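Number of protein chains: 2
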Amino acid sequence: MDIKDFKKFHETVLPEFDEFLTNKINAEIKQPTLRDAMLYSINAGGKRVRPMLMLAVVYSCGTKLEDLYQYYDIAGAIELIHTYSLIHDDLPEMDNDDYRRGKLSNHKKFGVGPAVLAGDGLLTQAFYWIAKSNLDTSKRMAAVRILAHNAGPMGMVAGQMTDITKEDRQLNEEELTTLHKQKTADLITAAITIGAFCAGHDLSTHLVEYANYVGLAFQVKDDLDDFGSEEDADKNTFPNLIGKDATEEKLRNLVKDALNAVLKEQKFDKNLMVSFLDYFKD
Amino acid sequence: MDIKDFKKFHETVLPEFDEFLTNKINAEIKQPTLRDAMLYSINAGGKRVRPMLMLAVVYSCGTKLEDLYQYYDIAGAIELIHTYSLIHDDLPEMDNDDYRRGKLSNHKKFGVGPAVLAGDGLLTQAFYWIAKSNLDTSKRMAAVRILAHNAGPMGMVAGQMTDITKEDRQLNEEELTTLHKQKTADLITAAITIGAFCAGHDLSTHLVEYANYVGLAFQVKDDLDDFGSEEDADKNTFPNLIGKDATEEKLRNLVKDALNAVLKEQKFDKNLMVSFLDYFKD
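Protein chains in written order, with UniProt numbering: chain A, 1 to 282; chain Z, 1 to 282.
I should point out that these hints are in silico values taken from the structure, not numbers from a laboratory.
This one's a predicted model, so the numbers in the text were calculated from it and none came from an experiment.
One thing to keep in mind: the hints can contain errors.
Any copy will do: because identical chains look the same in the list, a pair fits if it lies in one copy or spans two.
Result set (DSSO-like, lysine-lysine): computed pairs, CA atoms no more than 30 Å apart in a straight line [stated by the list, open to error]:
| id | residue 1 | residue 2 |
| --- | --- | --- |
| 1 | 250 | 30 |
| 2 | 264 | 4 |
| 3 | 108 | 24 |
| 4 | 132 | 24 |
| 5 | 244 | 166 |
| 6 | 166 | 30 |
| 7 | 108 | 256 |
| 8 | 281 | 221 |
| 9 | 166 | 24 |
| 10 | 181 | 30 |
| 11 | 30 | 221 |
| 12 | 108 | 235 |
| 13 | 109 | 8 |
| 14 | 108 | 166 |
| 15 | 30 | 235 |
| 16 | 109 | 166 |
| 17 | 8 | 264 |
| 18 | 235 | 109 |
| 19 | 109 | 281 |
| 20 | 108 | 7 |
Isolated chain A (complex conformation) (with noise of 0.2 Å):
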């Protein structure tokens, strides 16, 4: 394994990886209107944080970096998971955001309808890539298991329900922390272990643990970034709940839990995912 920073991995893969992203959502969507509502919000800037991860986890078993584009179907299908989620949160009765990362939401773009099946179109095409993938067939499954299970109702839809219905009133820290484990922790959990199973490792309870404290992580982190914006006030978010220096407290520890757990790893090359942690120290 050549690169050891994850910083350097994101940056060598993500150009390819984008392309592919758009040629094949070109190639196979011929409804003109769904295509481009598909493409916008796909091309929207998205960071592609966790196929990233699932190809670092698949790096790190010793895939070779000219090999990883076996992987970029199963990769690809998680971010189409992670895009749908975002147009419908931000759906008028939902969080109601006219705007991301600076560009019109889908629903302003496209308008509501438009909105809607675009996201139902990159949810359910999700799960043809990962069917039409060329790793084995219980690779695949796996995969779909995984993702299904992480993404449905029984983690991330779950989540988001509690998120609307219960905006109206304070949760308690540990209702909050399910929350945030179902609503955003959850996928990345699936990026990470979708990764050790497509790259055949045989998965460990300390990568499952670091994936489920970077999963957390990265939830906090989000509500540290947005504590004290206007649209922030009346959320359920850790600030708050128990104020800015606690919540960075915790985020300090859910840091330093998920190295710990990685750092027990015994089967593959720790160097990418101990650097990942980096990310939330900006």
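For chain A, the structure is supplied; the task is to place chain Z on it using the hints.
Frame of chain A; chain Z shown alone:
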């Protein structure tokens, strides 16, 4: 094969299958609003035509009645997908239907946000059910592939997008046929072909032809049933395009073509598939 009549088959299998659907969702979905909203539409009086067609194919291929339960996960997945599509289609910025089968539509009962999420939950859980089924991995993978292809942005979702973006103009006959094929026929076709795959039947072109004719006949019958109603007036339907009589003739021809196709089928008992065609004579 003791049951040779589709209505009898439907009557025999439905109670157990209905119970299976409710119990499984109740057991799996812990988020209370999400569980309620998913169950509300699952139990809103649907006839389960798609899963019953799938199970009828499995039965026709030689599976005993008492062994059919092994295929309920996959049949259930098809019903989850169908149900999600109804919830999203009814949304205000889609077809804007306040009622379905005499009951409040999902978003009128639970709100638009929860209805979007109930749909997302049903759609994603469909793939989880397939992944967790006890059938051979290769059969499960075929089910994922066919379902995602036919229900997603290359099939049903594309049809719905064409429908909501073209409502202001009259499609021509070819465009309307494509719309109906994607919006309705593709999921029916999926149900029949998945049944054949899961039963280990070497899929013949005859059965695929049958499935395609039956799927289109479904939407044409639906168009005829709704013809003359207030909501129907502006819609792209065959009666609005070519008149009621010509549409009735079209339906008769589709049923005849379906019959001719399935009669060529050599490898399984054709009785149920033939008797299913009575559905279009009501």
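Outcome of the hint check:
1. Taking CA atoms no more than 30 Å apart as the test, residue 250 paired with residue 30 passes between copies only; the shortest distance there is 27 Å, against 47 Å inside one copy.
2. When the C-alpha separation of residue 264 and residue 4 is checked against a cutoff of 30 Å, the pair qualifies only within one copy, where the shortest distance is 18 Å, while the shortest distance between copies is 62 Å.
3. Proximity of residue 108 and residue 24 under a CA criterion of 30 Å is satisfied intra-copy only: 25 Å inside one chain copy versus 37 Å between copies.
4. Taking identical chains as interchangeable, the C-alpha atoms of residue 132 and residue 24 lie at most 30 Å apart whether they share a chain (12 Å) or sit on different chains (28 Å).
5. Taking the closest pair of Cα atoms, residue 244 and residue 166 come within 30 Å of each other only inside a single copy of the chain (22 Å); across copies the shortest separation is 50 Å, beyond that limit.
6. Proximity of residue 166 and residue 30 under a CA criterion of 30 Å is satisfied inter-copy only: 15 Å between copies versus 39 Å inside one chain copy.
7. In this assembly of identical chains, the alpha carbons of residue 108 and residue 256 never lie at most 30 Å apart, being 40 Å within a copy and 47 Å across copies at closest.
8. With identical chains, the CA atoms of residue 281 and residue 221 are at most 30 Å apart within one copy only, with a shortest distance of 9 Å there and 61 Å across copies.
9. Taking the closest pair of Cα atoms, residue 166 and residue 24 come within 30 Å of each other only across two copies (26 Å); inside a single copy the shortest separation is 38 Å, beyond that limit.
10. In this homomeric assembly, residue 181 and residue 30 come within 30 Å of each other (Cα to Cα) only across copies, at 14 Å, whereas the closest approach inside a single copy is 36 Å.
11. For the identical chains of this complex, residue 30 and residue 221 are inter-copy neighbours only, at 27 Å across copies versus 39 Å inside a copy, given an alpha-carbon limit of 30 Å.
12. Taking CA atoms no more than 30 Å apart as the test, residue 108 paired with residue 235 passes in both settings, with 22 Å inside one copy and 25 Å between copies.
13. Within a single copy, residue 109 and residue 8 get their C-alpha atoms no closer than 34 Å, and across copies no closer than 50 Å, so neither meets the 30 Å cut-off.
14. Proximity of residue 108 to residue 166 under the C-alpha cut-off of 30 Å is found in both arrangements, the shortest distances being 25 Å within a copy and 19 Å between copies.
15. Taking identical chains as interchangeable, the C-alpha atoms of residue 30 and residue 235 lie at most 30 Å apart only when they sit on different chains, with a minimum of 22 Å there against 39 Å within one chain.
16. Taking the shortest alpha-carbon separations for residue 109 and residue 166, both the intra-copy value of 28 Å and the inter-copy value of 17 Å come in at or below 30 Å.
17. In this assembly of identical chains, the alpha carbons of residue 8 and residue 264 lie at most 30 Å apart only when taken from the same copy (24 Å versus 60 Å across copies).
18. Taking the shortest Cα distances, residue 235 and residue 109 sit within 30 Å of each other both inside one copy (25 Å) and across copies (25 Å).
19. In the homo-oligomer, the alpha carbons of residue 109 and residue 281 never lie at most 30 Å apart, since the shortest distance is 34 Å inside one protomer and 45 Å across protomers.
20. In this homomeric assembly, residue 108 and residue 7 never come within 30 Å of each other (Cα to Cα): the closest approach is 33 Å inside a single copy and 47 Å across copies.
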